Every structure is written in C-alpha cells, then in structure tokens.
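Undergrad: The chain contents come next:
There are 2 protein chains.
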Amino acid sequence: MKKEFEVIAGGITTPKGFKAATLRAGIKESRKRDDLTLLFSDTPAAVAGTFTTNRIKAAPVKLCERHLIWGQGQALLINAGNANACTGEQGFHDAERMAEITAETLGIAKNLVFVCSTGTIGIPLPMPRIESNLPALARKLSRENSSQAAEAILTTDLVKKEVAVTVMVDGIPVTIAGIAKGSGMIAPNMATMLAFITTDAAVDQRSLQLELVHAVDLSFNRIVVDGDESTNDTVLMFANGTAGNKLLDRKHHDWRRFCHALEYVTRELALMIVKDGEGATKFVTVHVTGAASRHDARACARAIAMSPLVKTAWNGGDPNWGRIMAALGYSGARIQEERVDISFNDLPAVQSGKAADSGSLAELARIYALKEFTIKVELHVGKSEFTVYTCDLSKEYVAINAEYMT
Amino acid sequence: MKKEFEVIAGGITTPKGFKAATLRAGIKESRKRDDLTLLFSDTPAAVAGTFTTNRIKAAPVKLCERHLIWGQGQALLINAGNANACTGEQGFHDAERMAEITAETLGIAKNLVFVCSTGTIGIPLPMPRIESNLPALARKLSRENSSQAAEAILTTDLVKKEVAVTVMVDGIPVTIAGIAKGSGMIAPNMATMLAFITTDAAVDQRSLQLELVHAVDLSFNRIVVDGDESTNDTVLMFANGTAGNKLLDRKHHDWRRFCHALEYVTRELALMIVKDGEGATKFVTVHVTGAASRHDARACARAIAMSPLVKTAWNGGDPNWGRIMAALGYSGARIQEERVDISFNDLPAVQSGKAADSGSLAELARIYALKEFTIKVELHVGKSEFTVYTCDLSKEYVAINAEYMT
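So the sequence lines, in the order shown, correspond to chains H and P.
Convert by adding 84 to the 1-based position in the first sequence; the result is the number in this note's numbering.
Convert by adding 84 to the 1-based position in the second sequence; the result is the number in this note's numbering.
There could be a bad hint or two in this list.
Which copy is meant is left open, so a pair is good if it fits within one copy or across any two.
[Unchecked claim] Lysine-lysine pairs mimicking BS3-like chemistry, simulated, CA-CA at most 27 Å apart: (1) K460 with K112; (2) K359 with K438; (3) K467 with K455; (4) K87 with K467; (5) K479 with K455; (6) K330 with K112; (7) K330 with K359; (8) K116 with K335; (9) K335 with K467; (10) K479 with K359; (11) K455 with K359; (12) K455 with K194; (13) K359 with K335.
Honestly, the hints are just simulated from the structure, not real lab data.
Here the structure is a predicted model, which is why all the values come from computation and not from measurement.
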C-alpha cells in the first residue's frame, strides 16, 4: 500500500512562505536563551486554533480567541519567561500592544497578528524589552530559523519538539510542520502547553478549524503528565496556500489524506511532550475498552493516568494492579467489578475482577520494568473506548517542581 | 464558658463495657507486628457506619453494609496485611467465614459481628491462619488492650492514632473514644482508611447513624493526602449504653453536646491521618469562601489540595500562587478571575485576580516555610464555603509508593 504521507526532516518554516526569527529580549533575567519568537507568513493564511478550557485564561489566549473570529492571520509573536496570566486589565492591554507593535513593524493589520506567552504567572510583562527588540526581531526573519523557533519557545523541556511531513494534494506536494513546548501539563510555574502548526496547503478556514479540533482531540487532549491544566494552553495552525493546490475542504478528494497527515503531526508532537514529561522515566499507553460511554472510557483512562499511586507504582516497577482497580472504582464510570479484565502488554493481570490465573507477579514485573508499555482495561459493560498517553511520577518530578523558585 | 466535653487519655476500650485483643497471625509474612484485632462489647451495641464510595468495594465492606441493616453489633474483627479486595466470590465467603467463626467463638449471633481488612489487594486471605488464631485472640480480650489495638490496625502509618473524651449526659459522664489508620487516602497497596469509635452512652441507632454521617462529613471527608480513594474505607461506631444515661436522640437536651464531643473525636482522628500522611512535611488548611454553591466550594478546595503542582510548591516553599489560580480555573467551579482573593495566613497574595499590592514574594515565602499554614480563597461569587485539610507532596511520598513492593 502506498504511504499516504511522508515524514521529512524540517520544522515550522519548512512549508513554503513561512519565516521565523528569535532573540533574547531578557523577559526573565534568569533565562539565558532566546525568549522572543516571531513567525511570519508571506501572505495572509487561514488560521485555526484551540485553547485551554481553564476558566482562568491568560491575556494572550483572550486576544487569540478574539482575532480567531476573523479566521485569518499572518504573524505570531511568542514570548517565554512570563505567562501574562492573572495580570488583569493591564495584561490584556499588554497582549494587545504586542499585536499592535508587531503589526506596525511588519506593516500588516493588527487582527492578523496572534500572540502567545508562557512563563511565570502574575507578573506584568516587561513591555519595553519586547517593544525595543521587535524591529531587530523582524529583520532576522528567515526560512532558516525553524530549529531556533522550536528552541526559543521551550521552558523546562529537555528536548525541542518539531515534526514535518509532505502529502500529495491535487498531485502537488504540500508540507505540514509543527513545533511544541510543554513538559508538565503545566510546567513549573510556566503554565503552558503550546503547539504551532504551519502548512503551505490552501485550506478552507472552516474545514481547517473543524479538523484541527478533531486532531487535537486525538492527540493533545489524550496526554496526561500531572493532570494540571494550564491558563495558557494554545494550539494554532496557519495554512497559507503557497503550495498552489485547489482549496482543500471536506469535499476535496484528497481531504482525508491531508487530515491523516495533520493528525500524524499533532500526535507526534503530543507524544514528544509526554516522553519529555517532567522527571518521566516511563511512557505508558492506557487503553480502556468496553465502557458504557465514551465519557466513561475517558474517565477511567484519566483516573488511572492521574493517580499518584498508580504513577509511583510504574516508577518503582511494582506490578500493583490493585491501584488500577481502585482508580477505576472512583473514576465515576459505570463499572462491574466481576467483569473487569486488565492486561499489561497483552499479559493478563486481572480476569473477571480477580488476579488472572496466568501472569504471575514476576512476569508482570518484567513488563513494568520496560521503558514503554500498554495497560489495557476491558470493562465489558459497553462498546466505547478511549486511549490516554502518560508517564510515571518520579522523585525527580517533585524535585523539579518543589525546588523551582518563582 | 464551661467546656462541653473533656479530652482524656485513653483509647478504644476506655468507654465502659468494651474489650480488645490483638495477636500476630502471620497474615502477611513480611509484617512483624500484630495483624489481627478483636473488639468486643459486653452487651449488644447500637452500630452506625459509613463506607467507601468507590464502586469497587472490598468483601468486608459489603459484609458490613449488610450487617449494618440490623443496626446492632457486639464484635469487630480486623486484619491487617491483606485487603480482601478484588478477590471475587471467594473473598465474600472468607469475609462471611470471619464473621461466622468470631460469632461461634464468642457465642453471639453472626450478624452482630463486623469485619474489616486492610492490606494488599487481590490476594486471597490465608483463612487457616485466622481460624486457628481466633480462640487465642478471644481469650486475650481485655480492657487493657486499647493501645495494642491502635497499633495492630496500622500499615505504613508512622504513629498510632487514638483519642478519648468524656461528656456529661443526664449528669452522668459518658465516654467516646476512637482509633484510626491511614497515611495515604490509600496507603501503598494497603488500600484503606479505617476508623473505629466506641461509646458507653446509650444512643438511638437512627440518630447515631445520621450524626455519624454528619461527623464524618466534617472530618474524614475533608482530608486529602493523595486524592486516591480506597476500596476498603470504613468508619464504624458502637454505642453500648453501659454508662446508664437515658437514651440519647435528637430530642434529648444533651444531644448537641454529645454530637460536639463525637465531632471532636472524628476531627482529631482525621487530622492525625493528614499529619501522618505519607512523606508529609507540611499540614495545610485550604479554606474556600464566597463560592456559588457548596459543591463549587468543595471542588475548588479539592482541586487545590490534589494538584501535584500546588503540593510540590508547598513542599519546596515556593509561594507560587499562580498554580492555585490555575487549579481554581480547572476545578469546574464558577469563577470570575477578577474577583478572586487569596491569602496565606491572612497575608494577601492575590487581590481581584492579580498579585496583591502588599505581600511580597519574600513575605509569602516566610509563610510557606512554616510547618502549618492556611490558604484562604474568597471567590466573591456567592456565600458557600468548604474547608479541606491536606499535606504537601514530597520526594519521600514517591519513594514510599514507588519502592514498596507487592
């Protein structure tokens, strides 16, 4: 079977018509790397976005939500070191001012500019440092700065996260690429998971928005590091049409192929975030099937992925399935104890709610000793399923988050 | 003002007519201390109880729920080292058998016997060890074994938990006493918070049941160690009437006084559990006021108390109020960011959703450096409130739970 898309080396400026620039503006004194990133499209692009469901939203999230109404964008300014969250009216003025000065510098309309912030909560942005550095930042815009952009948006992340694919649309190769940051669902005081995706495909904005929500639901909404949800979480996608394809929408014969490529990009970025989870030593897939509803399946998977007791058992390699049973029981989902089956990498641990006949603790322990494994839970009460990707809870997680100082 | 009740030295057999016994039956090989505890009342007592809301309930919980229908009890058999949870039909037969042999040995009706287990999940009880030791256990029953009982029900707890008070009813002193175990909401693989309360007061069973539910709601339901809820949580109270007072019920003129004394006992036991939380180094009271509903107030307090990011900040002494704001935002409660006030021990940290004018980070850090402090959150959207008692999340918690082996 011919592959639907091809993974290539590259990043956020690999799709045609995109440029990036980064520099160190000194937003947070202690940060020694670049902290200001500008992404620019040569032409206005269709924009899609999804944002945190936290009721306390950072100012830049509010601004992005407003600008998204127009469905178009041409520039994105991102700062690290300061979240511009819980900063009141002044915070919103600052986010607006960031868009304004970016628009002035680039000579484009203000509502074509999107703004993201990540870093400490509750401290006003050092606006003069951003304003004074913007002209120099704009002058540095280049197709060569993909990796620099992927680096400059990071906070406590250990590795940069970027991925690029090409997919044929109307017989023309189009490229989709993305970068992301995040290593706790909230990194320590950094309050953010961010992902930015570019494509040179021409895509109908409404179709793009619906598909992005779907792709995010299959990826970023299925990862759990610590269960905390940030005030700044943002995913933004820009489609500038430079590749020259016929406008993609849900009726286009290459639509599914394009969607699968996009879903690959978002999924890869999401998995990179979990694998780089704060203090993580294990990557665990939790797959719940046979639930009475999708809501129940999700509740079970999240209860397991968020339980400190389950996560510490993974960390210590103790094949303690009782903690998983207890998490299922308090998840709120409809459960019948005597129907529950649990397996670790297909090795039965629990059958009909009791210790499986096969699968000694020693054999189960060998699976928990692996760096990556899958916990499969079959509830046998319905037909719904859900999968969550998560990591263990280590002493290192506590160290990172306890010893970090505001 | 005259004190309503008096705190005295003593434990579970301090109220008249109660005896206890403990011994080591070897339920779990690696456990070196007593693991079997028997509590006996000279006369049948009114019994009240509350149990885990986890949908996966251990066999002894199911048995207690059945026996509680009769409202009377005279004996309680408790084993540590094995939870008798996720043990299927055999587990329920074993719980029934525990009640049966206890009844036979003591010469009382089987439905007057209650049974509790705490320990490893998923392993059948070693019934021969329990059966063969029961006669010796019954022979050891004595009023002198209060402390031994408080010790023998412990698992990973560092300290025993017992409290006793006297309160005047009809001009007669009656005594209420309790013991408890639990150091995670689930201790590592030990799956249980247990509390047992005795009184020599004569109390109407229905009134006692209603008041016990209320007292538990004010105490054990307000503590959070790790947020995991066990399959075995049980609170049982026995009132044997030996003191000779006129039957207490809600119309009795000393009813409120008796209730306050009982609420003191349950609250003290609950606070002892938090202070002995696995790896805990700080005791934190989270007090949420001004919520739109009690449900919202509880959701906010629990979100704060369960957030790994907030708990690690307490551990490290980082006065990072942004993490508290983020937890409020994802709690599901109705929040208006610009109305939120937060203080640490009355020192303002957040005013109207932003950093308070007073309360520098250095001053706030001095409060986080204390062993005990209060986080007060005023939402200014309603009149409901809720308080939760909790502890920090330390590297030691991870060590205890990761390195413990099934």
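Undergrad: It remains to establish, for every hint, whether it holds in the given structure.
TA: Tested hints:
In the homo-oligomer, the alpha carbons of K460 and K112 never lie at most 27 Å apart, since the shortest distance is 44 Å inside one protomer and 29 Å across protomers. In this homomeric assembly, K359 and K438 never come within 27 Å of each other (Cα to Cα): the closest approach is 32 Å inside a single copy and 34 Å across copies. Neither within a single protomer nor between protomers do K467 and K455 lie at most 27 Å apart by alpha-carbon distance, with minima of 30 Å and 49 Å respectively. Within a single copy, K87 and K467 get their C-alpha atoms no closer than 30 Å, and across copies no closer than 60 Å, so neither meets the 27 Å cut-off.
Taking the shortest Cα distances, K479 and K455 sit within 27 Å of each other both inside one copy (17 Å) and across copies (21 Å). Neither within a single protomer nor between protomers do K330 and K112 lie at most 27 Å apart by alpha-carbon distance, with minima of 45 Å and 71 Å respectively. In the homo-oligomer, the alpha carbons of K330 and K359 never lie at most 27 Å apart, since the shortest distance is 37 Å inside one protomer and 66 Å across protomers. Taking the closest pair of Cα atoms, K116 and K335 never come within 27 Å of each other, the shortest separation being 48 Å inside a single copy and 71 Å across copies.
In the homo-oligomer, the alpha carbons of K335 and K467 never lie at most 27 Å apart, since the shortest distance is 30 Å inside one protomer and 53 Å across protomers. Proximity of K479 and K359 under a CA criterion of 27 Å is satisfied in both settings, with 16 Å inside one chain copy and 21 Å between copies. Taking identical chains as interchangeable, the C-alpha atoms of K455 and K359 lie at most 27 Å apart only when both belong to the same chain, with a minimum of 10 Å there against 35 Å between chains. In this homomeric assembly, K455 and K194 never come within 27 Å of each other (Cα to Cα): the closest approach is 47 Å inside a single copy and 51 Å across copies.
In this assembly of identical chains, the alpha carbons of K359 and K335 never lie at most 27 Å apart, being 36 Å within a copy and 62 Å across copies at closest.
When the structure is compared with the earlier hints, violations turn up for hints 1, 2, 3, 4, 6, 7, 8, 9, 12 and 13 and for no others.
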